[in-house]
Amino acid sequence: MTVNDAEVTREIEGRLLLVHFLRDHLGLTGTHWGCDTSNCGTCVVWMDGEPVKSCTVLAAMAGGHEVRTVEGLEQDGQLDPVQQGFMQCHGLQCGFCTPGMLMTARALLDRNPNPTEQEIREAISGQICRCTGYATIVRSVQWAAAEEAGTRTTIPAEGA
Amino acid sequence: MQVPAPFEYERATSVDHAIGLLDRLGETARLVAGGHSLLPMMKLRLANFDYLIDINDLHGELGYISVEPTQIRIGAMTRHRELLESQVLADTFPIFGDAERVIADPVVRNRGTLGGSLCQADPSEDLSAVCTTLGASCLIRGTGGERVVTMEDFHRGPYETAVGDAEMLIEVRFPVRPHGSSAYEKVERRAGDWAVVSAGAAVWLDAGVISDARVGLAAVGPNTTGLPAISEALRGHAPSEELYARAGAIAAQTCRPATDSRGSEEYKRHLADELTRRALRRSVARIVADDPGA
Numbered sequence: 001m002t003v004n005d006a007e008v009t010r011e012i013e014g015r016l017l018l019v020h021f022l023r024d025h026l027g028l029t030g031t032h033w034g035c036d037t038s039n040c041g042t043c044v045v046w047m048d049g050e051p052v053k054s055c056t057v058l059a060a061m062a063g064g065h066e067v068r069t070v071e072g073l074e075q076d077g078q079l080d081p082v083q084q085g086f087m088q089c090h091g092l093q094c095g096f097c098t099p100g101m102l103m104t105a106r107a108l109l110d111r112n113p114n115p116t117e118q119e120i121r122e123a124i125s126g127q128i129c130r131c132t133g134y135a136t137i138v139r140s141v142q143w144a145a146a147e148e149a150g151t152r153t154t155i156p157a158e159g160a
Numbered sequence: 001m002q003v004p005a006p007f008e009y010e011r012a013t014s015v016d017h018a019i020g021l022l023d024r025l026g027e028t029a030r031l032v033a034g035g036h037s038l039l040p041m042m043k044l045r046l047a048n049f050d051y052l053i054d055i056n057d058l059h060g061e062l063g064y065i066s067v068e069p070t071q072i073r074i075g076a077m078t079r080h081r082e083l084l085e086s087q088v089l090a091d092t093f094p095i096f097g098d099a100e101r102v103i104a105d106p107v108v109r110n111r112g113t114l115g116g117s118l119c120q121a122d123p124s125e126d127l128s129a130v131c132t133t134l135g136a137s138c139l140i141r142g143t144g145g146e147r148v149v150t151m152e153d154f155h156r157g158p159y160e161t162a163v164g165d166a167e168m169l170i171e172v173r174f175p176v177r178p179h180g181s182s183a184y185e186k187v188e189r190r191a192g193d194w195a196v197v198s199a200g201a202a203v204w205l206d207a208g209v210i211s212d213a214r215v216g217l218a219a220v221g222p223n224t225t226g227l228p229a230i231s232e233a234l235r236g237h238a239p240s241e242e243l244y245a246r247a248g249a250i251a252a253q254t255c256r257p258a259t260d261s262r263g264s265e266e267y268k269r270h271l272a273d274e275l276t277r278r279a280l281r282r283s284v285a286r287i288v289a290d291d292p293g294a
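Those sequence lines, one after another, are chains A and B.
FYI, in the numbering used here the residues of the first sequence are 1 to 160.
FYI, in the numbering used here the residues of the second sequence are 1 to 294.
Bear in mind the hints are in silico, worked out from the structure with no lab data behind them.
Since the structure is predicted, the reported quantities are computational estimates derived from the model, not experimental observations.
Take these hints with a grain of salt, some might be off.
Example chain A residues on the side facing chain B (calculated, C-beta under 10 angstroms, incomplete) [unchecked claim]: (1) P51; (2) P113; (3) P115; (4) I124.
Examples of chain B residues lying across from chain A (beta carbon under 7 angstroms, computed) [said to hold, decoys possible]: (5) P6; (6) E8; (7) V102; (8) D105; (9) P106; (10) V108; (11) N110; (12) R111; (13) E160; (14) V187; (15) A191; (16) G192; (17) W194; (18) A258; (19) T259; (20) S261.
Note that beta-carbon positions come from the ideal geometry of N, C-alpha and C, so glycine has one too.
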């Protein structure tokens with residue numbers, strides 16, 4: 001498979017899950033391992049450009065595919081706008097859900113550059129923020145959308 | 001940490017290759033599509049296999065929504081997201097969009113498949129209820145050839161289907177009739193959860209009278225359940241609130257829910273009644289909106 005554009009080849013057990021392959025075999029610990037039951041979404045990575053829950057994908061199933069993790073969001077030393085948005089709008093508190101949230105947010109904006117609040121909430125509906133900081137996560141994604149559209153003036157208002 | 005028991009991983013390169021592997025490996029092997037039902041069961045060691053045959057490379061062969069004059073054929077590897085985003089399904093069977101929006105969450109829907117959902121045969125599974133409601137039939141292929149079974153025959157019991165050890169679900173076929181529409185109603189405890197109860201309805205009108213109607217329920221018995229008694233009660237009558245109430249009462253009486261952490265038997269019977277009414281009402285409203293002369 002390729003991981004963040006780098007070709008990776010390993011001998012692995014069939015039962016190895018993608019999340020453990022990324023963390024334990026490749027040392028990419030940005031992807032978090034949470035509930036283990038495909039409920040919490042902190043393990044979300046991309047497979048061929050689509051968000052998937054890596055605790056419910058076998059590493060072998062990702063063979064031959066393109067995997068992108070949170071480590072691959074930054075480009076040429078520049079944080080991705082969604083990463084900047086999470087910094088600007090306090091989109092993270094403890095940070096545990098953040099890698100999954102970032103990957104889902106990036107995929108959403110790639111398909112829908114100007115999502116409504118409802119569309120953002122729907123996109124992250126399979127992910128749990130244990131700090132319950134959803135309002136600031138939504139605002140962070142809106143910040144990134146505005147930044148990319150060149151229409152950002154201020155941080156989105158309270159109540160977003 | 002939840003990890004499946006050890007198994008050998010094989011990747012099928014064609015339907016015939018997958019069936020050949022199943023034929024050779026027998027009941028020690030299982031196909032995996034999206035894996036979002038099977039892998040959690042394997043992690044809990046509720047399911048253990050010596051071989052897992054990955055059929056995701058068959059998406060090109062089995063991921064399709066094919067429209068014909070009298071039926072729509074959907075390949076078994078069509079993913080939830082593709083079903084949700086299909087315009088032709090939204091136009092023909094709006095029940096798909098209703099159900100898909102409340103099946104798991106968008107990330108899970110990127111992986112899960114129609115065939116996987118049906119073969120999992122969970123009595124609470126929403127797509128199974130959709131297929132039951134629409135009177136779908138399933139094309140199964142094995143080494144000896146192909147056969148078609150109705151949804152009633154496909155689901156044999158919880159987690160049991162008509163698909164044999166050396167067979168594979170290939171596609172699901174949905175009959176298309178004019179002047180009809182459909183809807184799906186689900187009550188869940190939180191976004192993405194299994195249903196407390198779900199009800200699907202499909203209705204066809206002829207000159208203002210119901211020519212046929214079907215209702216399917218999920219999470220209220222050992223299988224997703226079609227209710228022929230409701231079809232009989234509705235046929236030949238003009239749609240009305242009284243008629244929906246009669247259908248709801250039949251649903252509440254004939255379903256077989258069990259009290260569990262999602263609710264009491266009594267509450268689930270109440271939901272079966274109310275959701276049946278809502279699904280029928282919405283189906284009829286959709287027909288009238290699309291086709292005022294029906």
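Hints, one by one, checked against the model:
1. P51: 5 angstroms, holds
2. P113: Interface hint status for A:P113: violated (17 angstroms vs cutoff 10 angstroms).
3. P115: This hint is violated: A:P115 lies away from chain B, its Cβ roughly 12 angstroms from the closest one there, beyond 10 angstroms.
4. I124: 8 angstroms, holds
5. P6: 6 angstroms, holds
6. E8: This hint holds: B:E8 lies near chain A, its Cβ roughly 6 angstroms from the closest one there, short of 7 angstroms.
7. V102: 10 angstroms, violated
8. D105: 3 angstroms, holds
9. P106: 6 angstroms, holds
10. V108: Holds, because the Cβ-Cβ distance from B:V108 to chain A comes to roughly 6 angstroms (cut-off 7 angstroms).
11. N110: At about 5 angstroms, which falls below the 7 angstroms cut-off, the nearest Cβ of chain A leaves the hint on B:N110 intact, so it holds.
12. R111: 6 angstroms, holds
13. E160: 23 angstroms, violated
14. V187: 17 angstroms, violated
15. A191: This interface hint holds because 5 angstroms falls under the 7 angstroms limit.
16. G192: 6 angstroms, holds
17. W194: Hint violated; B:W194 Cβ to chain A Cβ min 12 angstroms, cut 7 angstroms.
18. A258: 23 angstroms, violated
19. T259: 24 angstroms, violated
20. S261: Cβ of B:S261 sits 15 angstroms from chain A, so the hint is violated.
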